[in-house]
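Starting from the known structure of chain A, arrange chain B on it as the hints suggest.
Protein chains: 2
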Amino acid sequence: MNQQSSQMRREILEIPQAVDRLLTQGEDAIKSCASALRALDPPMLATVARGSSDHVATYLKYVSELLMGVPVASIGPSVASIYKAPLKLGGSACISVSQSGQSPDIVDLAKAARRGGALTVAITNNPGSPLAAASEHCLNIHAGAELSVAATKTFMTSLVAGLMLLANWRGDAALIGAIHGLPDALERAARIDWPEVRAATKGWDSLYTLGRGPAFAISNEAALKFKETCLVHAESYSSAEVLHGPVSIVGQGFPVLAFAAHDAAEAALVEVADQVADKGAAAFVTSPNATKATRLAHIRTDHALTDPIALIVSFYAMVEKTATERGIDPDTPRHLKKVTETL
Amino acid sequence: MNQQSSQMRREILEIPQAVDRLLTQGEDAIKSCASALRALDPPMLATVARGSSDHVATYLKYVSELLMGVPVASIGPSVASIYKAPLKLGGSACISVSQSGQSPDIVDLAKAARRGGALTVAITNNPGSPLAAASEHCLNIHAGAELSVAATKTFMTSLVAGLMLLANWRGDAALIGAIHGLPDALERAARIDWPEVRAATKGWDSLYTLGRGPAFAISNEAALKFKETCLVHAESYSSAEVLHGPVSIVGQGFPVLAFAAHDAAEAALVEVADQVADKGAAAFVTSPNATKATRLAHIRTDHALTDPIALIVSFYAMVEKTATERGIDPDTPRHLKKVTETL
Numbered sequence: 003m004n005q006q007s008s009q010m011r012r013e014i015l016e017i018p019q020a021v022d023r024l025l026t027q028g029e030d031a032i033k034s035c036a037s038a039l040r041a042l043d044p045p046m047l048a049t050v051a052r053g054s055s056d057h058v059a060t061y062l063k064y065v066s067e068l069l070m071g072v073p074v075a076s077i078g079p080s081v082a083s084i085y086k087a088p089l090k091l092g093g094s095a096c097i098s099v100s101q102s103g104q105s106p107d108i109v110d111l112a113k114a115a116r117r118g119g120a121l122t123v124a125i126t127n128n129p130g131s132p133l134a135a136a137s138e139h140c141l142n143i144h145a146g147a148e149l150s151v152a153a154t155k156t157f158m159t160s161l162v163a164g165l166m167l168l169a170n171w172r173g174d175a176a177l178i179g180a181i182h183g184l185p186d187a188l189e190r191a192a193r194i195d196w197p198e199v200r201a202a203t204k205g206w207d208s209l210y211t212l213g214r215g216p217a218f219a220i221s222n223e224a225a226l227k228f229k230e231t232c233l234v235h236a237e238s239y240s241s242a243e244v245l246h247g248p249v250s251i252v253g254q255g256f257p258v259l260a261f262a263a264h265d266a267a268e269a270a271l272v273e274v275a276d277q278v279a280d281k282g283a284a285a286f287v288t289s290p291n292a293t294k295a296t297r298l299a300h301i302r303t304d305h306a307l308t309d310p311i312a313l314i315v316s317f318y319a320m321v322e323k324t325a326t327e328r329g330i331d332p333d334t335p336r337h338l339k340k341v342t343e344t345l
Numbered sequence: 003m004n005q006q007s008s009q010m011r012r013e014i015l016e017i018p019q020a021v022d023r024l025l026t027q028g029e030d031a032i033k034s035c036a037s038a039l040r041a042l043d044p045p046m047l048a049t050v051a052r053g054s055s056d057h058v059a060t061y062l063k064y065v066s067e068l069l070m071g072v073p074v075a076s077i078g079p080s081v082a083s084i085y086k087a088p089l090k091l092g093g094s095a096c097i098s099v100s101q102s103g104q105s106p107d108i109v110d111l112a113k114a115a116r117r118g119g120a121l122t123v124a125i126t127n128n129p130g131s132p133l134a135a136a137s138e139h140c141l142n143i144h145a146g147a148e149l150s151v152a153a154t155k156t157f158m159t160s161l162v163a164g165l166m167l168l169a170n171w172r173g174d175a176a177l178i179g180a181i182h183g184l185p186d187a188l189e190r191a192a193r194i195d196w197p198e199v200r201a202a203t204k205g206w207d208s209l210y211t212l213g214r215g216p217a218f219a220i221s222n223e224a225a226l227k228f229k230e231t232c233l234v235h236a237e238s239y240s241s242a243e244v245l246h247g248p249v250s251i252v253g254q255g256f257p258v259l260a261f262a263a264h265d266a267a268e269a270a271l272v273e274v275a276d277q278v279a280d281k282g283a284a285a286f287v288t289s290p291n292a293t294k295a296t297r298l299a300h301i302r303t304d305h306a307l308t309d310p311i312a313l314i315v316s317f318y319a320m321v322e323k324t325a326t327e328r329g330i331d332p333d334t335p336r337h338l339k340k341v342t343e344t345l
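Respectively, the protein sequence lines represent chains A and B. Residues 3 to 345, numbered by the working numbering, are exactly what the first sequence covers, in order. Residues 3 to 345, numbered by the working numbering, are exactly what the second sequence covers, in order.
Calculated directly from the structure, the hints in this document are not laboratory data. Check each hint, because a few of them may be wrong.
Pulled a few chain B residues facing chain A out of the computed Cβ check, cut under 10 Å [unchecked claim]:
no., residue
1, 56
2, 86
3, 215
Using C-beta positions, here's what the derived DEER-type ranges look like [what the hints assert, rightly or not]:
no., chain 1, residue 1, chain 2, residue 2, range
4, A, 33, B, 328, 53 to 59 Å
5, A, 293, B, 291, 52 to 58 Å
6, A, 12, B, 12, 56 to 62 Å
7, B, 204, A, 104, 37 to 43 Å
Straight-line distance between alpha carbons at most 16 Å, and here's what the computed EDC-like set of lysine to aspartate or glutamate pairs gives [said to hold, decoys possible]:
no., chain 1, residue 1, chain 2, residue 2
8, B, 86, A, 265
9, A, 86, B, 265
10, B, 294, B, 174
11, B, 33, B, 174
12, B, 294, B, 276
13, A, 323, A, 333
14, B, 90, A, 43
15, A, 204, A, 327
16, A, 90, B, 43
17, A, 33, A, 174
18, B, 323, B, 198
Even for Gly, the Cβ is constructed at its ideal location relative to N, Cα and C.
If we strip away everything but chain A, and leave its shape as in the complex, we get (with noise of 0.2 Å):
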């Protein structure tokens, strides 16, 4: 198979664009909705999503946390589509993220926080979709058609119209600037592609990807992306996490993938990175402070909110070329589906 063919490595590539298109033709609506969002100035949010969007969802929860000081549930689907209970979230709101729209539970559920007295909110590249019609505003992500099964663009494209939504409800001046320069960022980030990571992860079949704070969010993605289309067991940890247990199993050369932005947990995270490796790890991690573990090249932005946006696109741009390096075709992930419906 010619590397340069997968349908996966396109949409990667058309990252950049998509951000582009989202932050001019996406502004409005998440404007409006963040006016919204303002005026009601809920005590506490509450997500759904499952999946890479669910990814995203995470990242956004810290987002909130840290910037606002505002908490986020994340509500497990089941609580309606399964057990019908009813949620009280009463003066709060609701951020439903879907890429297709159409997954029954996420609809319900979103169907339920309103009930339960939530503003909605729906991202989604699919604005005639259930899950939009059953919310009152819809962020269309604008990513164009995705048909690779690993969804990479429309992740990104979720992530960065909720990012915009919560610093255009914060006002964060600072923080909207940098998220208009990510499209240039990301760019520079697809051309980076880990190859000491590739090597390093040859033969294995199972590892550890970690992170903290908003980055943890980013490993989430990055362990799913392993397991989808490389077929490695690939798990994420915080990497507050992993010395209480998960690190059992990290025997020599175990490779452990770490997400370091340029923020207040850089030092955790890479102290965290040089401790597996003293134990025989084969330890990566995207900072210069590194003393033990392999220091990873990586592109910084002008917000540590958005470095972890930048590290996940040259991630994608290494998990694809592991795949093809594997003979595993990444767009036809085995015993998966795009669009999954789950009630």
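Leaving out everything else, chain B in the frame of chain A:
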């Protein structure tokens, strides 16, 4: 090593007695805290925990949402300890769970929650700990000394203490009755140790555990214990998530262990277990309704919310035997210490 002699096994066998002690000696503190919560009527709960204790928090999240419709936000300890972000928690309650009550990041976040306006509750085995001192209410779990690094009886007593708190807050007599029936049910559950799972996982270094709703928290706990005591890369998924991507690594004979309670999610969970069995997995499920997955022996309790609690005891009995059969001393996992202090 003599299998009967492991500290972990002795502590598993002490679980029914420890739960009984908690229900007698801990009752007053639980009832007093429940009254305070009823009077407060918080619109949301926050939880603070790591590792096994965080699985307790996940279980309590489902119970709160299903029983009372009160949403629960799990707050990453880094929000306070690393990022120093002030949280807005006015009118809410925050439950911290920590066996030792000593990890600085957990204590920091409990303090930040109190400053942010939350009523703070500590669930701990150490009423003299910094966490207990930092919290307005302390629920002593009365587990007695726990010497094995892998927590079992402190997980169980933390979980029952939290459940009893929510049941008393809600004034749910049926649930309170079922909780009082637990010591007997757990006694019987400890005698089940799933030899067919031990046989199927032999030689495997990677597997999945599954759950949905409250049983998902139990699945999380099972995956961590597999790692800690057997050095197996076990990962937990919601049965609704696993088909979205993680299923791609499931090949012929890949072990999948699904924890089904007798609740509204049982049918959906059994369906996924049957589906992964169809893809070649060695799938097991604690339900009589499976047609392709192997049905495992299990103890049912007097309430759907207490069913998962009996399942984890049978799991503990199984995983301790799996470790000793693999020649691993489950009391001293590789790389681990009993008390992990994270900054």
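Hints, one by one, checked against the model:
1. A cut of 10 Å between beta carbons decides the hint on residue 56 of chain B: the least distance to chain A is about 8 Å, and the hint holds.
2. Residue-level restraint check for residue 86 of chain B holds (minimum Cβ-Cβ distance to chain A is 7 Å; threshold 10 Å).
3. Annotation: interface hint on residue 215 of chain B holds; nearest CB of chain A at approximately 5 Å, less than 10 Å.
4. At roughly 58 Å, the beta-carbon separation of residue 33 of chain A and residue 328 of chain B lies within the given 53 to 59 Å, and the hint holds.
5. Hint check: residue 293 of chain A to residue 291 of chain B, Cβ distance near 54 Å, so the stated range 52 to 58 Å holds.
6. At about 59 Å, the beta-carbon gap between residue 12 of chain A and residue 12 of chain B stays in the expected band of 56 to 62 Å.
7. About 41 Å separates the C-beta atoms of residue 204 of chain B and residue 104 of chain A, a value consistent with the hinted range of 37 to 43 Å.
8. Note on residue 86 of chain B and residue 265 of chain A: the hinted pairing holds, with a Cα-Cα distance of about 12 Å set against a maximum of 16 Å.
9. At most 16 Å may separate the alpha-carbon atoms for a hinted pair to count; residue 86 of chain A and residue 265 of chain B meet this at roughly 12 Å.
10. Between residue 294 of chain B and residue 174 of chain B, the direct Cα distance comes to roughly 37 Å. Violation of the 16 Å bound is thereby established for this hinted pair.
11. A threshold of 16 Å between alpha carbons decides the hint, and for residue 33 of chain B with residue 174 of chain B the separation of about 13 Å falls inside it, so the pair holds.
12. Distance check on the hinted pair: residue 294 of chain B and residue 276 of chain B sit about 5 Å apart at the alpha-carbon level, within 16 Å; holds.
13. Between the alpha carbons of residue 323 of chain A and residue 333 of chain A the distance comes to roughly 12 Å, so the proposed pair stays at or under 16 Å and holds.
14. The hinted pair formed by residue 90 of chain B and residue 43 of chain A meets the criterion: a straight-line CA distance of about 12 Å does not exceed 16 Å.
15. For the proposed pair residue 204 of chain A and residue 327 of chain A, the alpha carbon gap of about 9 Å is at most 16 Å, so the pair holds.
16. Distance hint between residue 90 of chain A and residue 43 of chain B is fulfilled; the C-alpha atoms sit about 12 Å from each other, no more than 16 Å.
17. In summary, the hint linking residue 33 of chain A to residue 174 of chain A is supported, as the alpha carbons are separated by about 13 Å, within the 16 Å threshold.
18. Taken as a hint, the residue 323 of chain B and residue 198 of chain B pair is honoured in the structure, with Cα atoms around 12 Å apart against an allowance of 16 Å.
Checked against the numbered hints given earlier, the structure breaks only hint 10 and satisfies all the rest.
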